[in-house]
Amino acid sequence: MYMRQGDTVIERFPHHFSACGTSRIESFPFYHVYPGSRSMAIGTSSCNFQCRYCSNAYIAKEDPEVMQGHMYRMFPEKLIDTARKLNCHNIVFSVNEPTVSIPTLLEVVQAARSVGIPMGCLTNGFATKESIELLASIFSFFNVSLKGLSSQFTRRYIGIDSSQPVLRNIRRLAQDRHVEVTTPVIQGANDIEIDGIAEFLASVDPEIPWHVFRLLPEDEMKDAPYPDIGAIDHALQSARKKLHYVYFHNFVGSAWVNTLCPACGSVVIERFSLGCGGDKLKHLFCQGKACPHCGQEIRIETGKPHETLVESRA
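According to my numbering, the sequence shown is numbered sequentially starting from 944.
Calculated from the structure, these hints are not laboratory results.
A portion of the hints provided could be inaccurate.
[To be verified] Straight-line distance between alpha carbons at most 25 Å, and here's what the computed DSS-like set of lysine-lysine pairs gives: (1) K1165 to K1028; (2) K1028 to K1072; (3) K1004 to K1165; (4) K1184 to K1232.
[As the list claims (entries may be wrong)] Distance windows between CB atoms, simulated: (5) E1244 to S1181: 21 to 31 Å; (6) G1131 to G1102: 11 to 21 Å; (7) G1139 to Q993: 22 to 32 Å; (8) Q993 to V952: 18 to 28 Å.
Yeah, the Cβ is synthetic: ideal placement off N, Cα and C, and Gly gets one too.
Given these sequences and hints, build the entire structure.
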């Protein structure tokens, strides 16, 4: 995605996008930022991981040069104009890894800020300190995929020696950005690390929303059995005592997608679980950022969506 031109590193395919469409922010998932808002979902191509189970392998693992015939070419002004016409409150880079397209994203965020559109992203968090600062300058909200902790897991399943850069960058982003974390569970591979991941997140901030996904493996692992819902829920019992907001989803009808008040246990945000990233807001019960029953402050960024499907019961 980059090449050297003289003494400068430049982007090979600037302003080329593999996706540009609308979605609800819960589907990415973001549960604690701009609930119910309409988002523009964008992405480019390629990745710096080689996950054996990747559901976006046709974009993330394909030679980006081969991809170009199927891409949209959109300059930042056109992208932002489209987002406004589609009544999007925010833009989420969500298809692949944003670190492979930083120059284009730096241009996009300038155009977005000129009209007050916030930007967020999904990232694997595997970046240098300099790169993570660039991402922090572009995006105000992040969902970081923390796939595992042990080097045995990261080497075998995602092709990196260590998760330490990811852990370091989660700590950095949580200092001044809205951060949520997603862990896709592969039974027999990283399910034994569930409690360790919860302990790490609690050491950063116990209010970080944690999305545990029942992974539906694809690519090299498409024949692997689907994880057992009951077994994962049982493994999460200890994590729920450490973190205020633990969600378990990526399957239809999950009972663990609502936000509960950490003080009194009341449902303060109710959602539908439609499976495979299709989650949707049902009711926002919060009064501002407070639980309507006990007044406990809920970690949530509300903003002012252009359009929302929120049904509020004040």
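Hints versus structure:
In summary, the hint linking K1165 to K1028 is not supported, as the alpha carbons are separated by about 39 Å, beyond the 25 Å threshold. Between K1028 and K1072 the alpha-carbon distance is near 36 Å, which puts this suggested pair outside the 25 Å criterion. For the hint linking K1004 to K1165, the alpha-carbon distance of about 15 Å falls within 25 Å, and the restraint holds. For the proposed pair K1184 and K1232, the alpha carbon gap of about 22 Å is at most 25 Å, so the pair holds.
Taken as a hint, the range 21 to 31 Å holds for the pair E1244 and S1181, whose Cβ atoms sit roughly 28 Å apart. Distance hint check for G1131 and G1102: the Cβ-Cβ separation is about 19 Å, which falls inside the suggested range of 11 to 21 Å. Checking the proposed 22 to 32 Å range against G1139 and Q993 shows it holds: the Cβ atoms sit about 23 Å from each other. For Q993 paired with V952, a C-beta distance near 22 Å keeps the hint of 18 to 28 Å intact.
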